[in-house]
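**Student:** In case you want the letters, here they are:
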Amino acid sequence: MSDFSGLNIALTGLYASQRALMVTGQNVTNANTDGYSREAVDLEPVDGVFGPSLWTNNSSAPGGGVSVTGVTRFRAEYLEVNAALARGAQSQLSTSSATLSSIETMFGEPSDDSLAAGLDGLWSSFAAVANNPSDPGARAALLAQGTTVASTFNSMSSQLTQLSSDSLSQLSALTSEINTTAANIASLNGQIGQATLSGSDPSALEDQRDSLVQQLATDAGATVRPGANGTVNVFVGGSALVSGQQAETLALDTSGSSVSLDWVNAGHAALVTSGTAGGLLNTINTVVPGYQQSLNTVAMQLKSDVNTLHSAGVGLDGSTGLNFFDGTSAADISLSADVAGQPDKIAAGAASGGSLDGSVALQLSDLGQSATGADAQYRALIANLGVDSQGAQRNSTMQDATVQQIDASRQSVSGVNTDEEMVSMVQFQNAYNASARFLTTIDQMLDTLVNHTGVVGM
Amino acid sequence: MSSISRVTQMSIADNATANLQQALASLGDIQNEISSDKRINVPSDDPVGTVTALQTRSSIGLNTQITSNINDATAWLASADNTLNSIVTQLTSARTAAVQAQDGTLDQSGLQALSQQVDGIRQSVLGLANTQYNGRAIFAGTASGPAYDASGNYVGTSASIERTVSPGVRMQVNVNGDTAFGAAGSDIFTALTNLSTAISSGDPTAIGSAMSALDTSTKNVSTSLSNVGASEQRLSALKSQNTSDALTLQQTLSNVEEPDLTQAVMQMQMQQNAYQAALAVTARVIQPSLVNFLTAGT
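In the order they appear, the protein sequences are chains E and X. The numbering of the first sequence is the working numbering, which starts it at 14 and goes up by one. The numbering of the second sequence is the working numbering, which starts it at 12 and goes up by one.
Since the hints were made in silico from the structure, they are not lab data. Errors might be hidden in some of the hints.
Counterexamples of contact, computed for chain X against chain E with all Cβ distances above 10 Å [unchecked claim]:
#, residue
1, ILE41
2, GLN66
3, THR75
4, SER90
5, ASN96
6, ARG106
7, THR107
8, GLN113
9, ASN145
10, SER233
11, GLN278
12, ALA289
13, ALA294
14, SER300
Derived contacts from chain X toward chain E, CB cut-off under 7 Å, selection only [what the hints assert, rightly or not]:
#, residue
15, THR19
16, MET21
17, VAL53
18, SER69
19, SER70
20, ALA154
Where a beta carbon is used, it is the ideal one built from N, C-alpha and C, also for glycine.
Required output: the full structure, derived from the provided sequences and hints.
**Tutor:** This is the structure:
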């Protein structure tokens, strides 16, 4: 301990206050930066130089000032893990909900120009033919209505196919984004590892990386686990996407019966069930084919119900055994070539009836009331769609609230409160001023000692 | 959010944004409901209501079709009613002629005149039996031609023509010639021909037996007439039922699909207030921080 050590104490105080003010400045300027974690300096008192000698004792060592031992980054690891999980579920649910909403819009129920209205019109047209079997106008109107119903099926089916292929191209773009993000995380992991080992501050890199991890969680439902030296490992479907500095790549595989994302190196499919990618895969592999299938069932039920009755009937020109509808699915159902453009071929009458018999057309017009017919099946389909979509919307809304809650918790740990920073700023500014004043005091003491001591009479 | 101890400007801003979004979305929903006058725009708005709406729409379609079926059936029956009435009148005058011929006071030329009158009645009844509605002979069943040929032979079919007059209920709207006017051999035209022959012969016994055959035919026609009348009566009841069904169905549909306007407007007012309150509070909350209260150089 020397008289000059006081200067050093003042100096460490000035340094520490300055550093703390810099950190406060960094916090304030990043108050609105997404993914930024607030920081604070860690201060520690410096022990006094304590060498055992004749005139020294413990109490005579006043300490050596203050030192900045590091900068703490406020971050709750478990909240980050939860946030990743919640974000994956959120984007999966909102993708599913959006898919179902588009299907609802496609089906356009209830309205005056939807499939249900078309079917009602078809049955009415059959009844009109039954009322007046010889009227060419009623017959032509029936053919027109049949064409309308068939083309409504066709367009609904092709819109579903379009939805699936749109989702596929979206997924393809998303896959390259996931690969890029994973590569970036791996490279940031490398830099963070080096920074940690060399003792420099990797906070900015970590913030950047954590944002990317949350992005991966949104995109692919990735989960995160901490690794060595401040790095993180990222997993998709239980397999590592990023492991330290190593990033795997995913590729879109459309060769099989269902679309999947495959690990390029391992060659097998990744179990992606969460995130936007999980939602899109669900759309492509399950939701759209499901509704496509239901729509096909309705179309084929209509075809078989109508054809069974129609082929047993007789047309105005005596033709019999003809089909009214043709096709193998909703995509290609159409008026049969037997009747298209030939109103006289519509079999309105029974084989045993007279030439103006309309009994078969009457039976056909009753099909709309059948409890097992196309109308009832279609109504069940719409009810399912409504319930599914409503459920998806509710789940999505609830998950949004969960994410918001977790983000609020993350913010409460990592976010910058400007008021707090202002308090710190005032506090450290005052500390700086105090250290400077201390320095002046020591200076005056030394001045007294050096310049004004032993000068009596000089 | 009670677990959150530390509040930051950013989380306040985020919450404020989320709340404003939510308030605006609710306001948008209710405004959409009012301006479109539809409570159900997509099935997920109300899955159960959607199914009810689809069923009701289908029922309304059927109801409209039944209205036109009933009108058509009414016209068929009215046409048969008028024709059968005229035929009964004609047959009554044939009977009067027969009674006149039977009392034996007429000479041959008088009998001849009566016989010709009966022949005329036969022609007119034949014409009536071929009455058409909407281009179809109403007594010909499902045949496309006339009911009777020129010599009075039935050339129609015995099929019934039905209309759906109520959901799941069908009614026969035609009367077949062979039912109303008798089967071949014992039909009304044979009876009239026989009567004409008997009158011209002046034989009271022959006239008597021809008269009783005519009475049987008249009774047949009258029976058909009263059947037609009964059907018309039933139809008129079904028609008023159908009209009231139409009103009920429209009411059901608007109950399911359309918003209750009073309630919706009230709700919109409430949402508007909530949104404005959220705006006012947000404007106050996000502005100040300690920065505003620290002067430079403190």
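**Student:** Each hint needs a verdict: does it hold in this structure or not?
**Tutor:** Here's how the hints hold up against the structure:
no.: 1; hint: ILE41; verdict: holds (17 Å)
no.: 2; hint: GLN66; verdict: violated (7 Å)
no.: 3; hint: THR75; verdict: violated (7 Å)
no.: 4; hint: SER90; verdict: holds (15 Å)
no.: 5; hint: ASN96; verdict: holds (25 Å)
no.: 6; hint: ARG106; verdict: holds (33 Å)
no.: 7; hint: THR107; verdict: holds (37 Å)
no.: 8; hint: GLN113; verdict: holds (41 Å)
no.: 9; hint: ASN145; verdict: violated (7 Å)
no.: 10; hint: SER233; verdict: holds (27 Å)
no.: 11; hint: GLN278; verdict: holds (19 Å)
no.: 12; hint: ALA289; verdict: holds (16 Å)
no.: 13; hint: ALA294; verdict: holds (18 Å)
no.: 14; hint: SER300; verdict: violated (4 Å)
no.: 15; hint: THR19; verdict: holds (3 Å)
no.: 16; hint: MET21; verdict: holds (5 Å)
no.: 17; hint: VAL53; verdict: holds (4 Å)
no.: 18; hint: SER69; verdict: holds (5 Å)
no.: 19; hint: SER70; verdict: violated (9 Å)
no.: 20; hint: ALA154; verdict: holds (4 Å)
Checked against the numbered hints given earlier, this structure breaks hints 2, 3, 9, 14, 19; the rest are met.
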